[in-house]
Amino acid sequence: MYNPGTKLVLHYVIVKGPLFFFLERRRREAIAAATCVTEALVDHLNVGPLKVELGRGSLSTPRLQGGPSRVAQAYVNQRKLDHEVKTLQIQAAQFAKQTGQWISMVENFNQALKEIGDVENWARSIEMDMRTIATALEYVYKGQLQPSTS
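First residue of the sequence shown? That's 5 in this note's numbering, and the numbers climb one at a time after it.
Certain hints may be false.
As the list claims (entries may be wrong) - BS3-like, lysine-lysine: derived pairs with alpha carbons at most 27 angstroms apart:
id, residue 1, residue 2
1, K118, K146
2, K101, K90
3, K101, K84
Said to hold, decoys possible - Ranges of calculated distance between the beta carbons of each label pair, as one might list FRET restraints:
id, residue 1, residue 2, range
4, Q93, Q115, 27 to 35 angstroms
5, A36, H87, 42 to 50 angstroms
6, V80, K20, 42 to 50 angstroms
7, E88, T42, 34 to 42 angstroms
Everything labelled a hint here was simulated from the structure, so no lab data went into it.
Since the model is a prediction, treat every value here as computed from it, not as a measurement.
Glycine included, C-beta positions come from ideal geometry on N, C-alpha and C.
Just need the whole structure built from these sequences, with the hints factored in.
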């Protein structure tokens, strides 16, 4: 018995089948190439430059060239920077504390100088008073020594 759907299926298999298999093969090659490129990029970040060789119709497995891991080196550098930052913070805190102590010492020194200035002024004031008293006593003493002329 003749089925019209069978003719359509046969036509599809005959005409479209090779195209389907060709496209499927190309799709698989594209996926393999994309996977290879992705791995090459990841390896480039982790290890360094990669040498990618072109094969027949698709990319072959990349071969790694030597060199330190870029990600590992970045991690090591970040740890060093973190350590340096902590050290700098500690030193800055110590410097701030020492600066505070120096400011306190200078303020105490200024206060002592003010007190010395106050004592010096007090001594001058006492000296002037003593001179005034000495002059008055000398005047009184001289006045007693001179005979009164009346």
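Hint by hint, where does the structure go against what was stated? Just the numbers, ascending. 1 and 6
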